[in-house]
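Based on the sequences and whatever the hints tell you, model everything.
The residues making up each chain are set out below.
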Amino acid sequence: MVSRLQAFLVRRLLWALPVLALVSVVIFGLIRLVPGDPAIVMLGADADPARLAAVRAELGLNDPIYVQYIDYIGDAIRGDLGRSYVTNREVSAAIAARLPTTLFLTLAGFIVSLAIAIPAGLLSATNRGKTLDGVGLSFGLLGVSIPNFWLGIVLLIAFGVNLDWLPVAGYVSPLENPVEGIRYLILPGITLGTAMAAVVTRMLRSELLEELRHDYLDAVRMKGVSDLRVLGHATKNAFIPVVTVIGMQFGYLLGGSVVVEQVFSIPGMGRLLLDAIGSRDYITLQGVVLVYTTFFVAVNVVVDAAYFFLNPKLRGEQ
Amino acid sequence: MQGEDSSTDRRTFLSAVGGAAATALAGCTGDQGTPTSDGTSSPIPASDTDVSTPEGGPQSGGTLRVGFESELTGLDPHTTESVVSWVVNFNICETLITFGDGAPAGRLATDWEIGDDGRTYTFTLAEDARFHPPVDRELVAEDVVYSFERMNQDGAMGADLSAVESVAATGEYEVTFSLAETFAPFFNFLGRVPWVVVPEEAVEAQGGDLGDFQEPVGSGPFQFEAYEPGNKLTLTAFEDYREDGVPLLDAVEITPIPDADSRVAALRGGDVDMVRGVGGSDADTLRNDDRTKLSRQRGTQWGQLHINCSEEPWDDPAVRRAVAHVIDRRSIVEAAVSGYGQAAWQPYAEDSIWNYDLGDSRRTRDVERAQQILEDAGNPLEGETLTIKTNSRYALMETTADLLVANLGEAGIDAETETLEWGTQLEDFVTGNFGAMAFSVPFKIDPDRHYYGFIHPDGSQFNHYGEDQPDAQRMYDLLARGRSETDQEARVEIYSEFEKLVNKNCPWISVARADGITGLGSNVYGIQPWLLPYTRYWTMWKGE
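Read top to bottom, the protein sequences are chains U and W.
Throughout the first sequence, residue numbering follows my numbering, covering 1 to 318 in sequence.
Throughout the second sequence, residue numbering follows my numbering, covering 1 to 544 in sequence.
Treat the hints as calculated values from the structure; they're not laboratory data.
Note that this is a predicted model, so its numbers are computed, not measured.
We treat Cβ as the ideally placed atom computed from N, Cα and C, and that holds for glycine.
Please note: incorrect hints may appear among the correct ones.
[As the list claims (entries may be wrong)] Under 7 Å between C-beta atoms, here's a sample of chain U residues computed to sit facing chain W:
1) Asn88
2) Glu90
3) Gly160
4) Gln262
5) Ser265
6) Asp275
So, in structure tokens, the structure goes:
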């Protein structure tokens, strides 16, 4: 089985390489197709024309686009993502400083979403047609419908301003100060995790309902197994497709963190991305998007591997 | 250095230049709350800044936590290009002059003389200015020479310093600038944040190149302590600062909070003590909350309809004049900044010496007159649809375009907005790819900086006001004289005539001056709005 898994993973990783290469070309090209001269954005409307020309030359913006790409990708392979021409900092260093923050935020959203979704999905499925099910379904609909930025502002005004229970803006690393770190992550975590919680709740509910219809559970019951244990068996099987959704949602959480970081002033990758877009900081923008893409691809590989373990058919154990 | 007899008396110079600064500063704090009959003023009182001092007077100590509207764009003082970075550097490093109490004032310079020919500027430096640790030594004239050479290497400062032929240390505490030709705005420009003095050894220790000096060392009241990009910048009080009791605060912590709603919430929730960039719509919330208050600086942004005078149909002066009569400036101020601003026909307020009293010739809203102007010109807009470029990032520009299109519709003129991403609009502005666009620029201390680049062929030509346009040659001449004339009264006359021609020919159409609003916690005191948008944290303190 291990050799089959290894072969499977190697195959998936090999597929990831052309995906990343293609993504790097697309990112590089698309950013440069957007109108707006970075030298003008950097220096402002009343910049001296001679200075604008000097900055363009310094940034290599006068070179043909393929020359710029070859220079960039050559350096990127060596781990050098370039130097921001707005802040003059190494992009790889900037990303390394911001990445743990975004991962902590994503993890907070992930934990919040599962903490809501698993009990809500179970209660909803086991109380089909009753009030609890209605509440679960309504939550599911609301969760996917409410935009992150709106929920964030509402939570922030309610719990940060009016009740003054939690901090409104900023970030403290949970590694440096666990208590403060968690306080700073509660509201962003809820904001980020709600949409995923809604999706997983609905998915778990429908999969569990489907599972509970199966005849094998009647056989188990006839053997005298308690209802709770029967539910345990059904839930385990219902989780197989849900795990895939959870994995995919983790990737989407990374995307959602961009908005949440902006609302809660969290210095993560999302803020780095938005600042880079605003200032046409091509070098930083490319680096950040490349890292996001790499994470998304990596999450997919992990999900595939998890599915490989959970699904006997894939392992050839039919 | 020029002798006493051949130099302009410092006091005379101060009184002339200071008049401009004083009147502009008065605009920052004076009560402009009474609406005038033509609606030029907002009903909201301008003197919102709380200058009260609670019992016990100013207190020392404490940390001021400040929320900025955007992330810093680096900290090397000679290369940064954003207001937020300038605010930080303004508190760490020092320029030769500044503007205090309404007049040009020394900062590092204690005295100065300007040669009769207007080409030699000699500054005497404070002898007790010291650089922060780890440099920890006196600041001397050689540091000024080094700093100007560094900031302008390869002409990096562009036209602003191109007139400077040499900078020389003419004594341990004396530095002399020689200009190749007279350039009147030069003196005021010496107050610009990027023209600060830094020590060579600290720059070299951080790499030496322009852009490398990201942990700035200066001689200001605060010293750089730590910076975690995106999260927090900490400044601490410089204990050996040459003025006793300055600064009052122990530290300033700056956190970027880019979302406007979050920024206001952070202030109301007590997470920060002060926030920059409060929108007009949030200002009333802060005014009415017991936990917060406002500081309001008048006219920090000048909003206008920028026009490319070489592009049809905007090349026709009649079209521009008609549009100037159609636009409802008062409504734009109300809608864009909730009344925190003034309808404007010029960049400088009525109480500035740079303002020219246009009287009845001012192109106020008069739709019938606009229609008459077009009719007299043979209806050049018949069958035309005017396009007004704008962006959705800045409320003043977006609202100006939206309301102008509505105003033009009321006058029977077809028009539409084209909303662009900000970077795209900036590029279109600089490259001239527009007929008309809603635009705004920050307050400029010298009128040359507002006008020259827009009109003069040697400037950046953003308006493309060609020689075929009415009074073009005269306007070019006036702008050139504004640079070469060093007598301030004569300069005022020059720019008065220039404004008169702007009103006549409308190379652009002034719309509004928007105020800069800062939110403060109710226990924060000592903020002093002044001429420029850089907060001087060293005057501030926190009460109980």
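Hint-by-hint comparison with the structure:
1. Here the hint on U/Asn88 is kept, as its CB sits about 4 Å from the closest CB of chain W, short of 7 Å.
2. Contact between U/Glu90 and chain W, as hinted, is not supported at the beta carbon level, the nearest pair being about 11 Å apart and thus beyond 7 Å.
3. For the restraint placing U/Gly160 at the interface with chain W, the shortest Cβ-Cβ distance is roughly 4 Å, inside the 7 Å limit, so the hint holds.
4. The interface hint given for U/Gln262 is met, as the beta carbon of that residue sits about 5 Å from the closest beta carbon of chain W, less than 7 Å.
5. For the restraint placing U/Ser265 at the interface with chain W, the shortest Cβ-Cβ distance is roughly 4 Å, inside the 7 Å limit, so the hint holds.
6. With a least beta-carbon distance of about 5 Å to chain W, the hint placing U/Asp275 at the interface is held under the 7 Å criterion.
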